[in-house]
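A.B. asks: Here the protein sequences come in this chain order: A and B. Read in order, the letters of the first sequence are residues 128 to 237 in this note's numbering. Read in order, the letters of the second sequence are residues 64 to 179 in this note's numbering.
Rather than coming from a laboratory, the hints here were simulated on the basis of the structure. Some hints could be false.
Said to hold, decoys possible - The list that follows gives simulated cross-link-like pairs (lysine-lysine, DSBU-like), each with its CA atoms no further than 35 Å apart:
no., chain 1, residue 1, chain 2, residue 2
1, B, K83, B, K127
2, B, K104, A, K194
3, A, K169, B, K77
4, A, K194, A, K169
5, A, K194, A, K183
6, B, K83, A, K224
7, A, K169, B, K83
8, A, K169, B, K104
9, B, K77, B, K118
10, B, K129, B, K104
11, A, K224, B, K129
12, B, K77, A, K224
13, A, K169, B, K118
14, B, K104, A, K183
15, B, K127, A, K169
16, A, K224, B, K104
17, A, K183, A, K169
18, B, K127, A, K224
19, B, K118, A, K224
20, B, K129, A, K169
The primary structure of each chain is shown beneath.
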Amino acid sequence: QKEVEQNSGPLSVPEGAIASLNCTYSDRGSQSFFWYRQYSGKSPELIMFIYSNGDKEDGRFTAQLNKASQYVSLLIRDSQPSDSATYLCAVPDSWGKFQFGAGTQVVVTP
Amino acid sequence: GAVVSQHPSWVICKSGTSVKIECRSLDFQATTMFWYRQFPKQSLMLMATSNEGSKATYEQGVEKDKFLINHASLTLSTLTVTSAHPEDSSFYICSAREATGRETQYFGPGTRLLVL
Numbered sequence: 128q129k130e131v132e133q134n135s136g137p138l139s140v141p142e143g144a145i146a147s148l149n150c151t152y153s154d155r156g157s158q159s160f161f162w163y164r165q166y167s168g169k170s171p172e173l174i175m176f177i178y179s180n181g182d183k184e185d186g187r188f189t190a191q192l193n194k195a196s197q198y199v200s201l202l203i204r205d206s207q208p209s210d211s212a213t214y215l216c217a218v219p220d221s222w223g224k225f226q227f228g229a230g231t232q233v234v235v236t237p
Numbered sequence: 064g065a066v067v068s069q070h071p072s073w074v075i076c077k078s079g080t081s082v083k084i085e086c087r088s089l090d091f092q093a094t095t096m097f098w099y100r101q102f103p104k105q106s107l108m109l110m111a112t113s114n115e116g117s118k119a120t121y122e123q124g125v126e127k128d129k130f131l132i133n134h135a136s137l138t139l140s141t142l143t144v145t146s147a148h149p150e151d152s153s154f155y156i157c158s159a160r161e162a163t164g165r166e167t168q169y170f171g172p173g174t175r176l177l178v179l
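Pulled out of the complex, with its shape left as it was, chain A reads as follows (with noise of 0.2 Å):
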């Protein structure tokens, strides 16, 4: 079993909608949780990090930490064009190194 699924997608979602992107991970111990976004061809971007359970809102973005299901999500509200990425969440193991799942591609339409 993978340790951070995510559904890789592709998640459509219509400009200026709502994108609910979900993260489930198997160590229960994990402490942080990141998001990153990464477009084609460029590498990840950091968009927020979340530790507590929880919302954690930044902008257009909110992270919704709930360690006792073991799952972190992401939202994105009013959705633009300019979102359609992939998004990963990563978390990580007891040594520092990130736990990356696979990805969910989010297509935002016009």
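Since the structure of chain A is provided, determine the placement of chain B on it from the hints.
C.D. replies: Leaving out everything else, chain B in the frame of chain A:
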């Protein structure tokens, strides 16, 4: 803040030659840098973890004698692909983690290597 650069961004070389890729943290000190490789439409694959002043730790299946890593300062790590072959053609990406101990990794823009 938290900017990581890589040089070169593109390199084309002949089979059998060696290629050096630099990764620099521009506005922070990085005790740990990571080197990844990504093939088209595939996930990032961690190659090695580089700690300043010590030997790199390589992932299983990555040849340490082929992919030489040096992390000589808190702002610079280098990856040298020795005796490159066409199958080494890939997108090489480094990331850097701050010396503060936080786990956030900041990624460089990547280096595309094409071996002819």
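A.B. asks: Now tell me, hint by hint, if it's right for this structure.
C.D. replies: For each hint, the structure was consulted:
1. K83/B <-> K127/B: 14 Å, holds
2. K104/B <-> K194/A: 30 Å, holds
3. K169/A <-> K77/B: The hint holds at about 24 Å.
4. K194/A <-> K169/A: Holds - the C-alpha atoms of K169/A and K194/A are around 31 Å apart, at most 35 Å.
5. K194/A <-> K183/A: Since the Cα atoms of K194/A and K183/A sit roughly 14 Å apart, the hinted pair holds (cutoff 35 Å).
6. K83/B <-> K224/A: Holds, at roughly 23 Å.
7. K169/A <-> K83/B: 20 Å, holds
8. K169/A <-> K104/B: At roughly 12 Å apart (the allowed maximum being 35 Å), K104/B and K169/A satisfy the hint.
9. K77/B <-> K118/B: At roughly 28 Å apart (the allowed maximum being 35 Å), K118/B and K77/B satisfy the hint.
10. K129/B <-> K104/B: Status holds; Cα separation ~24 Å.
11. K224/A <-> K129/B: With Cα atoms ~22 Å apart, K224/A and K129/B stay inside 35 Å; holds.
12. K77/B <-> K224/A: Holds: K77/B and K224/A sit about 33 Å apart, inside 35 Å.
13. K169/A <-> K118/B: Roughly 28 Å between the alpha carbons, so the hint for K169/A and K118/B holds.
14. K104/B <-> K183/A: 30 Å, holds
15. K127/B <-> K169/A: 26 Å, holds
16. K224/A <-> K104/B: 22 Å, holds
17. K183/A <-> K169/A: 26 Å, holds
18. K127/B <-> K224/A: Since the Cα atoms of K127/B and K224/A sit roughly 18 Å apart, the hinted pair holds (cutoff 35 Å).
19. K118/B <-> K224/A: 16 Å, holds
20. K129/B <-> K169/A: 25 Å, holds
In summary, this structure violates none of the numbered hints.
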